[in-house]
Amino acid sequence: MDDWFVFIVLILSATLRVATPLILCALGALFCERSGLIDIGLEGKMLAAAFISAATASVIGSAVTGLIAGILIAQLLALLHGFACITHRGNQVVSGVAINILAAGLTIVFGIAWFKQGGQTPSLPPEARFMPIEWPGASALRNVRVVGPLYANLVSGHNLIVYATLLAVPLVQWIVKSTRFGLRLRAVGEAPLAVDAAGISVTWLRYRAVLICGLMTGIAGTYLSIAQNAAFSRDMTAGQGFIALAALIFGKWQPLPVFGSCLMFGLFDAVAVRLQGVHVAGLGEIPVQFIQVLPYVLTVVLLAGFIGSAVAPKAIGVPYEKEH
Amino acid sequence: MRGRRSLPRWAEIGLIPVVNVAIAFLFAALVVLAIGANPLAAVRILIYGAFGYPDAIGYTLYYTTNFIFTGLAVALAFHAGLFNIGGEGQAYIGGLGVGLVMLAFDTTLAAPLLIGLAILTGAAFGAAWAAVPAYLQAYRGSHIVITTIMFNFIAAAVMVYLLVNVLIAPGSMTPETREFATTAQLPFIHELLALAGITMASSPLNVSIFLALACCVFVWAFLWHTPWGFELRAVGHNIQVAAYAGIKLRRVTILAMCLSGALAGLVGVNEIAGVHHRIILNFPAGYGFGGIAVALMGRNHPVGVMLASLLFGALYQGGAELAFEIPAITKEMVVVIQGLVILFSGALANMPRPWLARLFSALPRRARTPVAGEA
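If you're matching them up, the sequences are chains A and B in order.
Using my numbering, read the first sequence as starting at 1 and increasing by one per residue.
Using my numbering, read the second sequence as starting at 325 and increasing by one per residue.
Certain hints may be false.
Unchecked claim - To give an idea of the interface, some chain A residues facing chain B are shown, with a C-beta separation under 8 Å as derived from the structure:
hint, residue
1, ILE101
2, ALA113
3, PHE242
4, LEU275
Source of the hints: derived by calculation from the structure; they are not laboratory data.
The beta carbon of each residue, even a glycine, is placed where N, CA and C say it ideally should be.
Please take these sequences and the hints and turn them into a complete structure.
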């Protein structure tokens, strides 16, 4: 009984760690998409941030500087998306694809040119990373029944970005639902003409949305390379940007459901890792691919309207042309 | 809009695409400079690496073949106003179809029959993989871009599962099938030339390139010389007018995506039946996404797609040579160029238009008279 409890706590703790970049990424994309811009460039922004933050942290030796550099590069790519889609009214999907492919290529080209380790960045010492934070009394309480494992493994022992992400969820909910900016953001994604007619700049609103998206995807990328891991390795995002996109859709573009979807997809991942080669009673061995593919399948099924329906912001994907 | 009117037609068709691609290559040169190499020297090595010696040309054309398939796939869907971002998955599943036919019949069927069946099956598998997102878009209203992205990942997972658990050759440690019998292997071009007494260095170039060229002709004939192609372009051009004219939108969506998926699926013919002679992991290797760059650069026309494919084929092959000659530059530089082309020929395609319009209006009046009819 105790063993099972500890096992479940460990799975939940792993879920939280895996879900953190998804939550950051999906909530960032929420701003972008609620403002009416499709963002399939999450993967690219995250990858670029992972690379630049690890590169900066390894040269300067400071995790915070790495974080700032990661955020800046992701915001730069987000601005590029804005420049193409808001200023030049280009195709938003094409722009996202371009950002993904550019980041995939540039991170390897510069990674090899700068560090000569086949695209990896040098392994980071603990001072240059965001390390797990041990809460007071965690080790003392570890052996207490129920409360011990919960406190020591689930509450304590994560890094700063994980806790910041958990705080970001209610913050995003508040910004989107209860502030003037959030109201306008939602309005510009549904009826940009009305927002414009009210004398509010559609362009400036959307640029702020992409910048917030850059900020959050930048933190997500940084988390991958200098918090969860100790270096950048090529293609380390491995599709997580798309899982975040799936979570955004699965959560119907609403902050709390998006958070829930990220946790669910994170749980799939955490379970998949532990089910590898394990015989489940009555089912035999469950193929890992079966669990890994669930986020994508569920999203397709949801989009097809078979379980509830996901309605995107009305003006999404349509460039806004100001009338004179 | 105002900028568009002041540009002559030849500039619209000929100049803007060239300017877009030139900007992309300019930025690529900046990247090369940034890593401390000489862009001009790089271009020289690249051209030599792509065309300078016999087997280089073979490799260049082999890569070109794949790009033609995926480029046509993206272009055809674009004409119907659909963005097929799932070429990667469709190519993967298409290769599965080709491979399954080969594994099932390579010892029983005669070569021409076998290869014909494999090509049809590959196309059918690719089409089927595109048909699901197409159906969901046409009848359930889900967004084709999102579903085709998801289907890329689903395809990858399906293929890993099948190769690791089902199709793996008995006793093999790597997840790949057994090698097909020789009847199931498409002839290499250097083998064919050897029969005719011409010696050519060996390369993976095989008869699939003729299939690719035939597809170019097919797409051109289909789009511009059949009623179905007309309907497809009408939907892409103005969906309301097309609907008013009685065109069945849902049918067009499904037809366009199935043809697009079939074309992407043919990458499997080149890779599986032509080169690897077994089903392996990850053989689409980015060609599906490369197809987006090819289609944008080739302005969705089969001739443009052919030229853009040749350019990207040359970049792939020349890029490998470049990585060998200048160690600072890696073959991923080609991926960067793809990204830049998609950015400047796609998302930022309209950026140079106002500049060019200003340039044209600054030209002396006489130089502009031939285009007076345009305004």
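Results of checking the hints against the structure:
1. ILE101: 4 Å, holds
2. ALA113: 4 Å, holds
3. PHE242: With a minimum Cβ separation of about 6 Å from chain B (threshold 8 Å), the hint on PHE242(A) holds.
4. LEU275: 14 Å, violated
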